[in-house]
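Protein chains: 2
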Amino acid sequence: MKTPLPLNAIHIDDLYWNRYTRLIPEKVIPYQWEVLNDRVPGVPPSNCLRNFRIAAGEEKGERGGMVFQDSDAAKWLEAVAYSLACSPDPVLEKNADGLIALIGRAQEKDGYLNTYFSLKCPEGKWKNLTEGHELYCAGHFIEAAAAYFETTGKTRLLEIMCRFADLICATFGTEPNKLHGYPGHPEIELALVRLYRVTGVRRYLDLAKYFIDTRGSSPNYFIEEMKRPDFKRIFAELSRYDPAYSQSHVPVREQDTAEGHAVRAMYLFCAMADLAQEYNDGELLERCRILWDNVVQKRMYITGSIGSSGILERFTVDYDLPNDSNYSETCASIGLAMFGLRMNMLTADASYFDTVERVLYNTVRSGISLEGDRYFYVNPLEVWPQTCIENSSRAHIKPVRQKWFDCACCPTNLARTLTGLGKYIYLIEDNELYINLFIRNNAEFKINGETVNISIDTDYPKTGHAKIKIKSGALPLTLNIRIPGFIGSGNNFIVCVNGKPAAGERINNYLKITGTWNNDEVTLNFPVEPRLVYSNPKVHLNCGKAAIARGPEIYCLEEIDNGKNLAALSLDTNSPLQEFYSDKIPGGIMVIKACGKRLIAPEQPDSFGENFIPHTENFTLTAVPYGVWGNRNNESEPGEMLVWIRI
Amino acid sequence: MKTPLPLNAIHIDDLYWNRYTRLIPEKVIPYQWEVLNDRVPGVPPSNCLRNFRIAAGEEKGERGGMVFQDSDAAKWLEAVAYSLACSPDPVLEKNADGLIALIGRAQEKDGYLNTYFSLKCPEGKWKNLTEGHELYCAGHFIEAAAAYFETTGKTRLLEIMCRFADLICATFGTEPNKLHGYPGHPEIELALVRLYRVTGVRRYLDLAKYFIDTRGSSPNYFIEEMKRPDFKRIFAELSRYDPAYSQSHVPVREQDTAEGHAVRAMYLFCAMADLAQEYNDGELLERCRILWDNVVQKRMYITGSIGSSGILERFTVDYDLPNDSNYSETCASIGLAMFGLRMNMLTADASYFDTVERVLYNTVRSGISLEGDRYFYVNPLEVWPQTCIENSSRAHIKPVRQKWFDCACCPTNLARTLTGLGKYIYLIEDNELYINLFIRNNAEFKINGETVNISIDTDYPKTGHAKIKIKSGALPLTLNIRIPGFIGSGNNFIVCVNGKPAAGERINNYLKITGTWNNDEVTLNFPVEPRLVYSNPKVHLNCGKAAIARGPEIYCLEEIDNGKNLAALSLDTNSPLQEFYSDKIPGGIMVIKACGKRLIAPEQPDSFGENFIPHTENFTLTAVPYGVWGNRNNESEPGEMLVWIRI
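Protein sequences, first through last, are from chains S and Y. Numbering-wise (my numbering), the first sequence opens with residue 1 and increments by one. Numbering-wise (my numbering), the second sequence opens with residue 1 and increments by one.
In isolation and in its complexed conformation, chain S is listed as follows (with noise of 0.2 Å):
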């Protein structure tokens, strides 16, 4: 089985990622910190931390925040964990043990843990799976619990984790003592054969085996529950529910499109794949296959990000892809990044990071500010400001980045990702060596008690070069360099071993070099350069239009550099794209200019006209990232944005 190199073992030191890599330790993990304890000037009170405490017996109050809220300690604990593995802190680590002991007094007797529930609704556990988040919550724990005890050694979290688990195991399952349920919104699954990995506790795969094979069977669990007198509705606009938002429509085996809400089906994808690969199940790894190839192809936007209904967070049908109205949250994205791993662990198709890299390079950079304190929840490829109003159809879309949410879950799932990026760049098996991205790092870790060295030296995406330095000792091992997709299909990878062309072989878009490797040096060099996208007519918001990209970046024109009303412009097809590099943003980007028009406005206020002659003038396009978008405006002064251009 194809692993990750463990976090401890890569060291990042990449110009494109750097900005990111260390706020979060610096930054961002320690703004969340004071966020989580209600400590941050101008952002409501987030009481996650309170409620532990309240629940601990230690302080007195109404437990708040929504169902979910112990959700965000645990993914600020398994974003400590990672970056404890790179940036040791001991002031960070003896509050998250602190956090962690916290935790463990919180814990019912019976290892329950869910401050909801035990403060609010004592009564109603386990009994409203529907909304309830209980084992949502739970997975997210055991995660951290997991993340916690690979990077620290520390085994706290993992008892009081194990302790619930243990209880889950008593509660659910096909036995007829025990509930038939699984969760509303995906998560344990995941999390649980993560605790089998770790602890070696076989009953954890088998309960998450119960809960993916269970789920959607006849009658559908939830539409059951929601009869009966004992339940407590606690969204109201879940009242006609659909099982289809929570993938419960048909068993998952059935399912042949991404239904419902995003976030929820990525989640439970993963555990699907998790599954296949523990039980060499071809059946779901076929199954993941089939809606693996429905997101991307059909229900993915080119920013990596899914979701296009505003109301419920949710897929909606093949090619419905609106620009502005869009959910495309971020954590959705984080999911769809972790499904793609899993595919490629599963498969060692390297198809499956252009996906990956699609998320990382341009949803999840645009979910979190270059300053790391700001957020986007939702990530639309169009902003008109002005018409992101509360209690309209828009009103899900913010212009600038915000300081936090009433439902948190992206900025603590962005800390969990970014500090955890490093399990992205390298899979090992046996004498196998996967590089899925082009990132800066050197790394050292043992195979078969052999030490291996490599170090990755690249200014990728700036340029497509980049200079592996391998050091295997007696070790024979293959290298699976990725080809990226955005390169298209010609004789543009070139590799080089010790600056003579490498004679390796192509296989599901790796170039594959097999040898022992005394600090050899291997050179690639792929093209990284402007070009456009173009939409497929089946999108009908899409048709006659065009994106930039480059590398695997996509650009978007901004406000602050084309003025105002950005659907005003149009691309010329046949002019060429021009780059050059700007310091414009921190962190300095590939700017591109295009040559287009501009459509000028009558002087007529009517906004259509019966003598209106739609004119031009000549204009030059200037695109940036989009994964840097709306780092030049705030709240007073948000700015237009877009992605899709006419041609």
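It is worth saying that the hints were derived from the structure and are not from the lab. Any given hint could be a false lead.
Where chains are identical, the list cannot tell them apart; a pair therefore holds if satisfied intra-copy or between any two copies.
[As the list claims (entries may be wrong)] Below are the BS3-like pairs computed for lysine-lysine, each with C-alpha atoms no more than 27 Å apart in a straight line:
hint : residue 1 : residue 2
1    : K2        : K154
2    : K209      : K125
3    : K227      : K423
4    : K154      : K446
5    : K227      : K120
Fit chain Y to the known structure of chain S by using the hints.
Same frame as chain S, but now just chain Y:
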């Protein structure tokens, strides 16, 4: 003061409108009667009349339907009143009289009339003006009462409603012992003006003025009301109440833009115009002009519909006119036509009728099927049926007309509008007769004791030819013939009197011809030809698009004529538009053909691609009038529709 002719003075017999004017009495009103009586299979019970029977103590059971369900009966009665003026029907009149008697029996002793509060919440009367719709329902019943009296001479409903109006006058006002509130949904204001005009009772007019002048005063009545301990929330979605929703954010005389719920805004503006007329209030008139211009110039769709946001059925901001997620409620367009009629009456400017005509020929027709038994509540300008799914951002868009609605304001509103169509044709004041619409009819009425006979013979909008025969005896009479805005500013409005060019004067978009008329014949000739209308580029979603129009009708593309994926089509603006008559839609239409292209989808399924090269093939576009779209589809075979076409 200009007034419409009494409906029973006008006999409409028009190729274009007969379908509707005959359907309404023959089919629609009886169908709606059955629905209101819960007798139509497949339509969930309305409960409307049953509620009155329960309130009258004549039936047992629970009051059902929306809080404003009573108003469906009111609008039905108003439609019946107009219908009886044109098409006497003893059975219908008997049913209406029976309903009126029932309403009388449901009225409380003090005059109060509202089945929701009488039956469900008697302690809550007048305590939830924000949401309760008591005054809204009262307004519709007052309108019905005035109409029924005007056309039948019967006074029973008028007596009932005067009793209720007197109670309202005793309940609301500036005096310390009265409530200082006003309705959450305007409607009673314009109804009270109408009641004053029918009865001459001044206090009704004064109360209308009170409601208008108090609206939006500080502190906001609704915000204060919602704080009271006895406030009972009816609509969960209004929990974060923004006073702009009900146009109560500032006093009406300080409002510059049309805000909030579009139907509420229209009914409010109508009352403002009425009061401007009654009180000769120039300030209020100026405010009406400002609000009209804001709506018509910047917030109205080319089809005459309004309300850009599906959530809260509201206006958003200038030039925000999404085509496929808008609300564009049929009732809001009807309100806009009512407002336009009033603005024309106040100003004698025919250009207001360009919008009235736009509403009637496009969105009002779109709102009802050619068979009269299916309705659109929401009138989008683009429909992608597969994306119109429950529990999503486009759930409010229905790709086919519906039999009825839980909130059924639109069907009865259509009925009263179409039966009252004659009110829009002529206005009269002293010796001035205004001809505002080109609808085939003959009319007979008296001015200063002198009988005037007028007939308009036309096949408009098939052509722009009309023959007006007029006889006014010894009376000198000025004909004011509206010059439609769509013909532009050239000398293409040709008018002859008895075959000789007329020496008329053009004032405010009217051609004025003064004379004494003795079976004279005035002929009109103006161009009704296919044309392109371009969007102002400020409407970002329509940049680079045009719409096809012909006379007062806006055209659209339908899937049934053009195949799937209408967005892939583009229009060649250099080729002439071709028109021909077709009876493919009952009643016959002018079809317009245009040269264009179709984008060809690639073989790959991906929604975007590195290697897609967009190519096109020639295609002849077929456009039909928007007002009749969707009449060749049914629930099981919905079709795409598109108004704005790429150029």
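**OP:** Sort out which numbered hints this structure fails and list those numbers smallest first.
**Re:** 3
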